[in-house]
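Trainee: Could you build the full structure based on these sequences and the hints that come with them?
The C-terminal residue of the sequence shown carries number 330 in this note's numbering, and the numbering is unbroken.
Hints listed in this document are in silico derivations from the structure and should not be mistaken for laboratory results.
In this text, a Cβ means the ideal position worked out from N, Cα and C, and glycines have one as well.
Don't take each hint at face value.
Stated by the list, open to error - In silico DMTMM-like links for lysine to aspartate or glutamate, alpha-carbon gap of 20 Å or less:
#, residue 1, residue 2
1, K330, D241
2, K188, D75
3, K171, D114
4, K206, D241
5, K38, E319
Said to hold, decoys possible - Computed beta-carbon distance windows for the label pairs:
#, residue 1, residue 2, range
6, A118, D35, 20 to 28 Å
7, R45, S176, 35 to 43 Å
8, P191, P60, 17 to 25 Å
9, D304, K220, 30 to 38 Å
10, R100, G163, 34 to 42 Å
11, D75, A97, 16 to 24 Å
12, S41, D302, 26 to 34 Å
13, K220, G155, 24 to 32 Å
14, K171, D98, 42 to 50 Å
15, S41, A267, 30 to 38 Å
16, D302, D189, 14 to 22 Å
17, S24, S176, 26 to 34 Å
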Amino acid sequence: MLGRGLLVVFLLASTGVAWAAGGSETLPIRSRQIDAFKVGSSQTRFGQLEFIGGLEMTSPNALFGAVSAIRFRPDGVSFVAVMDTGHWLEGAVTRDADGRLSGLTDLTATPMADRSGAVGLEKWKVDSEGLALREGEVIVSYEQAHRIDIYPDPGFSGARPVGSLPLPFPKTELRSNGGLETVAISPKDGPLGGAAVTVSERSVDKADNLLAGILDGPMKGTFAVVRTEPYAVTDGAFLPDGDLLLLERRFNFASGLGMRIRRVPGATIRPGAVVDGDVILEADMGYQIDNMEGLDVVAGPDGDISVIVVSDDNHSILERNLMLEFRLIK
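Mentor: In structure tokens:
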């Protein structure tokens with residue numbers, strides 16, 4: 001979710017979308033390939049990442065957009081995403097002959113149900129920001145009405161939550177517009193034993209560090225992430241080695257949008273810890289970025305690791321829906 005000042009600008013420019021309650025909609029998508037990450041440059045290496053390719057996506061269906069989190073299935077092709085308008089987004093990526101992203105296919109959007117089974121709710125009730133997949137579960141974090149709900153998998157898009165993960169800190173500590181943006185599942189064979197982890201966007205403890213928590217498993221408890229102004233955490237995902245990648249966004253009217261990815265050593269994540277990590281990628285408006293909100297890690301059969309990031313256009317004419325893919329350089 002964007003800061004209040006920027007949100008006002010985007011709302012003024014918004015196209016005004018009316019949502020249909022109930023049932024899935026098929027979304028036709030037009031995709032334009034992005035061949036260069038840095039505008040006007042053929043450079044492909046950026047920090048610890050190599051740019052593979054990307055997409056700019058549009059649709060004649062006004063429902064498409066506002067993607068706040070994405071997770072790929074083990075095949076590395078099909079995905080589940082959430083839109084912060086309270087919708088599931090399901091589909092798959094296509095690739096060209098060179099293996100680069102070429103488009104999306106089989107894209108559907110479905111209203112999310114609350115615990116009573118109701119759909120088509122006001123945004124503040126279903127402001128979905130974080131997403132994680134775990135065996136038999138689709139886990140979603142919600143902002144404003146702060147909670148982390150568990151849906152059954154398969155069948156999540158037509159189901160109400162079957163449970164919730166308790167938060168390790170009081171809900172009153174979470175900001176309305178800066179709550180739980182990240183839910184990620186740690187590796188099963190790592191020290192966290194496959195636990196779900198959450199990191200807040202802008203909610204902080206008394207030391208001004210971001211609230212974070214290990215939500216279950218043998219090391220359940222709170223920890224904190226060093227906060228670096230003007231960045232806010234918008235998503236995260238674990239690497240196979242247990243390190244946590246955090247996607248962060250900044251905005252101010254003087255310098256515009258920026259994004260970075262920070263790599264937090266997995267061994268440092270434990271109850272009571274204050275963690276930080278090296279920045280492995282940083283970009284500003286001289287690069288093909290927008291309001292970057294979602295990140296996932298996709299491990300290929302050959303051992304390559306892709307990092308895929310997506311943007312949230314807030315249904316604004318000023319923003320774009322982007323999907324960018326990088327290869328992690330080991």
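Trainee: Work down the list of hints and note, for each, if the structure agrees.
Mentor: Against the structure, the hints come out as follows:
A threshold of 20 Å between alpha carbons decides the hint, and for K330 with D241 the separation of about 11 Å falls inside it, so the pair holds. Straight-line distance between C-alpha atoms of K188 and D75 comes to about 18 Å, which keeps the hinted pair within the 20 Å bound. Proximity of K171 to D114 is assessed by CA-CA distance (about 18 Å); at most 20 Å being required, the pair is judged to hold. Proposed proximity of K206 and D241 is contradicted: the alpha carbons are some 31 Å apart, above 20 Å.
Among the hinted pairs, K38 with E319 is consistent with the structure: their alpha-carbon atoms are about 18 Å apart, no more than 20 Å. A C-beta distance of roughly 44 Å is found between A118 and D35, which places it outside the suggested range of 20 to 28 Å. Distance hint for R45 and S176: a CB-CB separation of about 40 Å, consistent with the stated range 35 to 43 Å. Taking the beta carbon of each, P191 and P60 are about 48 Å apart, not inside 17 to 25 Å as hinted.
Our hint of 30 to 38 Å for D304 and K220 holds, since their Cβ atoms are close to 33 Å apart. As the Cβ distance of R100 to G163 is approximately 39 Å, the hint placing it in 34 to 42 Å holds. With their beta carbons about 19 Å apart, D75 and A97 fall inside the hinted range of 16 to 24 Å. Between S41 and D302 the Cβ separation comes to about 28 Å, which falls inside the hinted range of 26 to 34 Å.
A hinted range of 24 to 32 Å holds for the C-beta pair K220 and G155, which are about 27 Å apart. At roughly 47 Å, the beta carbons of K171 and D98 sit within the given window of 42 to 50 Å. For the pair S41 and A267, the supplied restraint of 30 to 38 Å holds, since their beta-carbon distance comes to about 36 Å. Range check, D302 to D189: Cβ separation about 20 Å, and the 14 to 22 Å hint holds.
In this structure the supplied range 26 to 34 Å holds for S24 paired with S176, their Cβ-Cβ distance being about 30 Å.
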